[in-house]
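Number of protein chains: 2
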Amino acid sequence: MSVGNELLIGKIANTNAQWLAKRATALGITVKRVTVMPDNVVETARAIRETLKRKPQFFLTTGGLGPTFDDKTLETIAKALNRKLDVNQEALRMVRMKYQMYASKTGISHVDLTKARVKMATIPEGTMPVNNPVGTAPAVRVDLEGTILFALPGVPREMEAIFEETVAPLLEEASGGAAFYEKSLFVDNIMESVLAPLIDVTMLDNSGVYVKSHPKGKENLPHIEIHLSAMGANAEDAKEKLRRAAAQLSGLILRNKGKVYPKEHRLVQSN
Amino acid sequence: MSVGNELLIGKIANTNAQWLAKRATALGITVKRVTVMPDNVVETARAIRETLKRKPQFFLTTGGLGPTFDDKTLETIAKALNRKLDVNQEALRMVRMKYQMYASKTGISHVDLTKARVKMATIPEGTMPVNNPVGTAPAVRVDLEGTILFALPGVPREMEAIFEETVAPLLEEASGGAAFYEKSLFVDNIMESVLAPLIDVTMLDNSGVYVKSHPKGKENLPHIEIHLSAMGANAEDAKEKLRRAAAQLSGLILRNKGKVYPKEHRLVQSN
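As given, the protein sequences belong to chains A and B, one line each in that order.
Just so we're aligned, residue 2 is where the first sequence starts under the working numbering, counting upward by one.
Just so we're aligned, residue 2 is where the second sequence starts under the working numbering, counting upward by one.
Because the hints were derived from the structure by calculation, they are not lab data.
Treat the hints with caution; some may be incorrect.
Because identical chains cannot be distinguished in the list, a pair is counted as satisfied if it fits within a single copy or across any two copies.
Stated by the list, open to error - Dumping the calculated SDA-like pairs for lysine to any residue here, alpha-carbon to alpha-carbon at most 25 Å:
(1) LYS33 <-> ILE13
(2) LYS56 <-> ASN41
(3) LYS80 <-> PRO57
(4) LYS99 <-> ARG24
(5) LYS33 <-> VAL43
So that you can see chain A by itself, here it is in the shape it has in the complex:
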């Protein structure tokens, strides 16, 4: 769940969700849904409760942990869980240390723990602050029945550093060594509507392999990326599944007068 009005007015693309989806998938985890919500406590608390009802093994939020008024994600999580917000002593120690480092670096004698700074250490009761290796606001971990929730910051470099240090090892362990591999074929000279039944056959014959065509040209000047992906019990399993499916599909396309390229190439107009 990505929290932030800037996403809902189209100011920025949701690159945090893309980054997390890619990393989680690479670690063998299936991402079931992404939700983008506004900086609005009532609406977003409702969406958090809806999400928890579906009992995902992991639930990550990004955004809304900073010092400003509209950084409301922890207030929102507290509301969704019917918990109080409280200054957490461990979180306060983390925030204080960051400002002491800043003060000593810049030669300032002292940086006050103002209200806005204490806010970053004010987290829902019964939750754990998580070290932020590159920024000030700690992340937060909440262990619920069947779900581990992490509230991560919205600044990409902070979100990514916390993910790698704290979240990724848990995901990897949970996936039990499952591996995700992908492969693209680029195809000319065949319309997507001719390709469709060939993909269907390949998917039916290769269980566990997902094949999707992404038209890049136009229907009548076709240049299509065919993306094959497989989640396997381990890396060898996933790679072998992919190899077999790609070989079968390439054969079918060639027999239908299509041209197949294993890597990207320029679009060539041809009939």
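Following the hints, complete the assembly by docking chain B onto the known chain A.
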């Protein structure tokens, strides 16, 4: 709602949602939520029903209208609404015309309406096909109690063309001339935690203006974008609201020894 496994494995960023959010906002519409779902009929039908329960005035889906097996959005909408899927004669006429144009352009005497092609004209009962000015698969409009749903294709240029031709005029009429304006200030020499209470004051004094700080540097080497936005009854109203809020906030920042730039500039290290 963006439908497609490629979004949930992080293969691509959700630029369709960003584009639609930006355009809808510019037309005076408030975007309440973005959801990304997999090419899975059961899970996505459930998410469609959840969305319809919230009675949004408009509900747009992107993706899953093409000819392949995994283009399942219309099947999913039919399931969510408990309706049958049926070949729609008007949609079939649209698809046939596209292939006839293709055939005459390329000198092919005839293009068959194969199963995969008829699929693009197979839409839920009681819904309307919508002209696709640049691609083959028609979009679909569904009028429900309190909600108008549009199923748009996932190919960006097709989605955008259909939006502009058919959806945008409806959104503009619904917003009744409301106008959204935005403005950014770039600020140096002030930490986000010092800025936070100044933003709070500005937001309290300027109802209808939303102010959000986006840290671009680090907390201890601050370079911050402050984004102000306002939805007004009309363009003049929104602009005047923004002007007043930006003037107040700039004044507060200058009094706190911050540097304000109305446009982006290079990050200058300073204390």
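Checked hints:
1. Within a single copy, LYS33 and ILE13 get their C-alpha atoms as close as 23 Å, and across copies as close as 16 Å, so both meet the 25 Å cut-off.
2. For a Cα distance limit of 25 Å, the shortest separation of LYS56 from ASN41 qualifies both inside one copy, at 23 Å, and across copies, at 18 Å.
3. Both within a single protomer and between protomers do LYS80 and PRO57 lie at most 25 Å apart by alpha-carbon distance, with minima of 19 Å and 24 Å respectively.
4. Proximity of LYS99 to ARG24 under the C-alpha cut-off of 25 Å is found in neither arrangement, the shortest distances being 28 Å within a copy and 40 Å between copies.
5. With identical chains, the CA atoms of LYS33 and VAL43 are at most 25 Å apart both within one copy (24 Å) and between copies (12 Å).
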